[in-house]
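Undergrad: Protein sequence lines correspond, in order, to chains A and B.
If you count the first sequence from 1, position 26 lands on 26 in the numbering used here, and the numbers rise without skipping.
If you count the second sequence from 1, position 89 lands on 89 in the numbering used here, and the numbers rise without skipping.
Keeping only pairs whose Cα atoms sit at most 27 Å apart, straight-line, the calculated DSSO-like set for lysine-lysine is:
hint, chain 1, residue 1, chain 2, residue 2
1, B, K13, A, K42
2, B, K13, B, K57
3, A, K1, B, K57
The set of hints was computed from the structure by calculation and includes no laboratory data.
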Amino acid sequence: KQEVTQIPAALSVPEGENLVLNCSFTDSAIYNLQWFRQDPGKGLTSLLLIQSSQREQTSGRLNASLDKSSGRSTLYIAASQPGDSATYLCAVNDYGNNRLAFGKGNQVVVIP
Amino acid sequence: KAGVTQTPRYLIKTRGQQVTLSCSPISGHRSVSWYQQTPGQGLQFLFEYFSETQRNKGNFPGRFSGRQFSNSRSEMNVSTLELGDSALYLCASSLSSGQSYNEQFFGPGTRLTVL
Chain A
1 KQEVTQIPAA LSVPEGENLV LNCSFTDSAI YNLQWFRQDP GKGLTSLLLI QSSQREQTSG
61 RLNASLDKSS GRSTLYIAAS QPGDSATYLC AVNDYGNNRL AFGKGNQVVV IP
Chain B
1 KAGVTQTPRY LIKTRGQQVT LSCSPISGHR SVSWYQQTPG QGLQFLFEYF SETQRNKGNF
61 PGRFSGRQFS NSRSEMNVST LELGDSALYL CASSLSSGQS YNEQFFGPGT RLTVL
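So here's chain B without its partners, still in its complex pose (with noise of 0.2 Å):
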């Protein structure tokens, strides 16, 4: 059985441009989260969508944005990227569903860095 997968894995933008992220849960999950690691914040959880639903979301600004697909892979966009958005972005998807949350699995991330 396939893990996550993200692409793409490393990607440099500068100030000012947006980017869009990839996610492709293991197949059967239908709830994938993103969070993003920085070596001051470490791991901070952005958004959860649920059947194509943002169901959680985290105090980010309204730059970071996702959507899910119906065949719940995920895409992350971060518009007008500022030199702080330079982190390793981590994609999680698990069987969660209603009130039952699961084990969440991890992908191997995109490495965005900010010039």
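Bound-form chain A, shown alone (with noise of 0.2 Å):
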């Protein structure tokens, strides 16, 4: 059964610090990984979207990138600004299923 872990479960930055959230897994036979984003009480907001072949991928001050071997995904945020303060949640969806396994989530607070 397939695991995901985020630590710390909470963290706090000052405004225009670089944010790197960690994501590991424990089987590497993944077809893809996505990470996302989450306000409180509301849904799921996709950010970005690793295929297994992929070492990394990018957009606008977000970057994921994906060691498949080790079972480790990294989500940098360049020059975080408070409106990036939320729950940043890892998933991986697996070969053989379209079942995505979450885990417990990054809470950000980017203080102004």
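With the hints in hand, could you dock these two chains into one complex?
TA: And the structure:
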């Protein structure tokens, strides 16, 4: 069974600092990995999708890397802003089924 | 292009009742998945439907069921509600078909409270 871990559960950074969020998974036989953002009481917003054959994906200030062999992904958010305050969730999609296994998330607060 | 929509957004029920939640996927998406989110367990996969067939199922009791219609809209039903069923229920749609699994897009969720 795929297990996804995100540590730390919560973190605070001053505005302008770069954010580094880590995700680890136990089974490297993944099809893809997706990073989401969730604001309190809301649904999930897809940020980046990385296919298993890719090493990284970029969108604006966001960059996600994937090291499938070591079971790790990292989400970088450059020059953080107060609007980046949210919970960030990592989810992996295993080969053989279309079901996402989620980590518990990193709750991020960017301090003005 | 409209996103994933879910109705109703909020529901309050009492123990023992049953509830039906609805999800309309993004136009053209044939895969619809359902997830339960609670503070303690996080996000857990319930089931996935593709072309009106349940393709995957998570580890939830038989009280949780679903279906998908020919227009890809999906409903989820929970019978004999328990207090522990209180959660945010999220629906996701994707273009996934066959062995190709694409990006999943989530709706705003239905907040179910069981009293």
